[in-house]
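**Q** Residue numbers (the working numbering), protein chains in the order written: chain P, 1 to 291; chain V, 292 to 468.
The set of hints was computed from the structure by calculation and includes no laboratory data.
Note that the structure is predicted; figures quoted are calculated from it, not measured.
In this text, a Cβ means the ideal position worked out from N, Cα and C, and glycines have one as well.
Incorrect hints may appear among the rest.
Within a straight-line C-alpha distance of at most 20 Å, the following computed SDA-like cross-link-like pairs (lysine to any residue) qualify [said to hold, decoys possible]: (1) LYS119(P) to ALA324(V); (2) LYS261(P) to GLY362(V); (3) LYS258(P) to ARG405(V); (4) LYS261(P) to PHE410(V); (5) LYS67(P) to ALA53(P); (6) LYS67(P) to ASN401(V); (7) LYS262(P) to PHE410(V); (8) LYS261(P) to LEU361(V); (9) LYS2(P) to LEU361(V); (10) LYS203(P) to ILE304(V); (11) LYS245(P) to GLY362(V).
Listed below are several chain V residues computed to face chain P (Cβ distance under 10 Å; list not exhaustive) [said to hold, decoys possible]: (12) PHE303; (13) ILE304; (14) ARG321; (15) GLU350; (16) SER351; (17) LEU361; (18) THR411; (19) THR415; (20) ASN421; (21) VAL422; (22) ARG428.
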Amino acid sequence: MKPNQAELNRNLAQMLKGGVIMDVTTPEQAKIAEAAGACAVMALERIPADIRAAGGVSRMSDPAMIKGIQEAVSIPVMAKCRIGHIAEARILEAIEIDYIDESEVLSPADDLHHIDKTKFAVPFVCGARDLGEALRRIAEGATMIRTKGEPGTGDVVQAVRHMRKMQSEIRRVTSLREDELYEVAKELQVPVELLKEVHSTGKLPVVNFAAGGVATPADAALMMELGAEGVFVGSGIFKSGDPAKRAAAIVQAVTNYKDAKKLAELSENLGPAMVGINADEIETIMEERGK
Amino acid sequence: MRVGVLALQGAFIEHELYYKNLGHEVFEIRQLADLSLFSLTNHYPPTTNNSLLILPGGESTVQVKLLKDLGLYEPLKAMIAAGLPTIGTCAGLILLANHFQLLPVTVKRNAYGRQLGSFTYVGTFDGKANVPMTFIRAPAIESISKGVEVLSEFEGKATAVRYKNITAFCWHPELNS
């Protein structure tokens, strides 16, 4: 492994900023996503809404299927492994995936430990609901963070809650005296060095995207307004009436999230959005997986 | 100096911070109206005295799509062709060479493979030694035309070039500045 691999992996996340990462299940969908302006695609066998509907154990996708998507597009390809599943992560690294999502969307393989991501050359993105979770994942070697939201619901409320909480905790940390950080590190169960970095920079040490329940250009713009540096869209695109049009509209909404007139144009005639399910009506709460 | 940074997608904030720290006036280009910010007199086409355009790293497929969707592609190309000083890094280089065709070099995308092929190299840039150069899923300059000045090289290939009003990089000076 190169000595500065973690830095290079943080740098790749920087290049993805201001972009939309889309879940795709086939090379055809990957091509639609790339043509619509996705900055990366997440290759998986079933999108979260279908994982939720199917129930059962959800695992890493077939490497052959992931390779098919790698060959179909020129943009970075990500794939998910189960929380704590070191072997799935090694397999994804072996097929030279560009980013691994150690994801609560799949069934956790380990209910105590996350993967020690510092032992991998390949970069990892992890979900977080608050500053504590984010910094714990970064301490384990994650070089990109996303909100967990509640995947596969089309309901953005959890992603909003997680992003707001993270940002308000960051603001609180920056307002403290430096000698107060030791106590906060204890409270958040995080290394004090990472907390000091948040204190001096006013942001997470890695790029922070929004994910979970984003279904419309307005949802994407909302997450950017709340401080996201980019957006993951899972079920929202290929569960909607006109995926290509909706995908392109969400990409433009992320770039022009401050321009309400533009957002209005983008929101017109997109066809039906994914039907969705209210986050408080569901049985499987994915966001509680992996703390 | 007035520095306009194309802020559609990618690592544009890194460039903005760099030029702000140097005391320059920095603005973002997100839509057509923003191009008039190059000129203090607020007319179109803008006068571009004492201005600099930055085309940052990111995904070139996304940036080209957004440039076209937002009607920025042709106006921006025309301004660069008319002499607006321009710096392109990574995706910016691909834009200048393969899309705008204003930089006569051939560029291959993702020439060093996927993310596991990303690397840092310390070399000489424009006569300055020990410059760290970060290549992230980087493109390579395969060949250059006459009149293109080579500013840095790696394994015998140009990694930064200057041509007329354009300076372009395969690597990311903004990540190590």
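**Q** The structure should be examined with respect to each hint, and the outcome stated for every one.
**A** Results of checking the hints against the structure:
no., hint, result
1, LYS119(P) to ALA324(V), "violated (47 Å)"
2, LYS261(P) to GLY362(V), "holds (16 Å)"
3, LYS258(P) to ARG405(V), "violated (33 Å)"
4, LYS261(P) to PHE410(V), "violated (42 Å)"
5, LYS67(P) to ALA53(P), "violated (26 Å)"
6, LYS67(P) to ASN401(V), "holds (16 Å)"
7, LYS262(P) to PHE410(V), "violated (39 Å)"
8, LYS261(P) to LEU361(V), "holds (13 Å)"
9, LYS2(P) to LEU361(V), "violated (40 Å)"
10, LYS203(P) to ILE304(V), "holds (13 Å)"
11, LYS245(P) to GLY362(V), "holds (18 Å)"
12, PHE303, "holds (7 Å)"
13, ILE304, "holds (7 Å)"
14, ARG321, "holds (6 Å)"
15, GLU350, "holds (5 Å)"
16, SER351, "holds (9 Å)"
17, LEU361, "holds (7 Å)"
18, THR411, "holds (6 Å)"
19, THR415, "violated (20 Å)"
20, ASN421, "violated (16 Å)"
21, VAL422, "violated (15 Å)"
22, ARG428, "holds (7 Å)"
Consistency with the previously given hints fails for numbers 1, 3, 4, 5, 7, 9, 19, 20, 21, ordered from lowest to highest.
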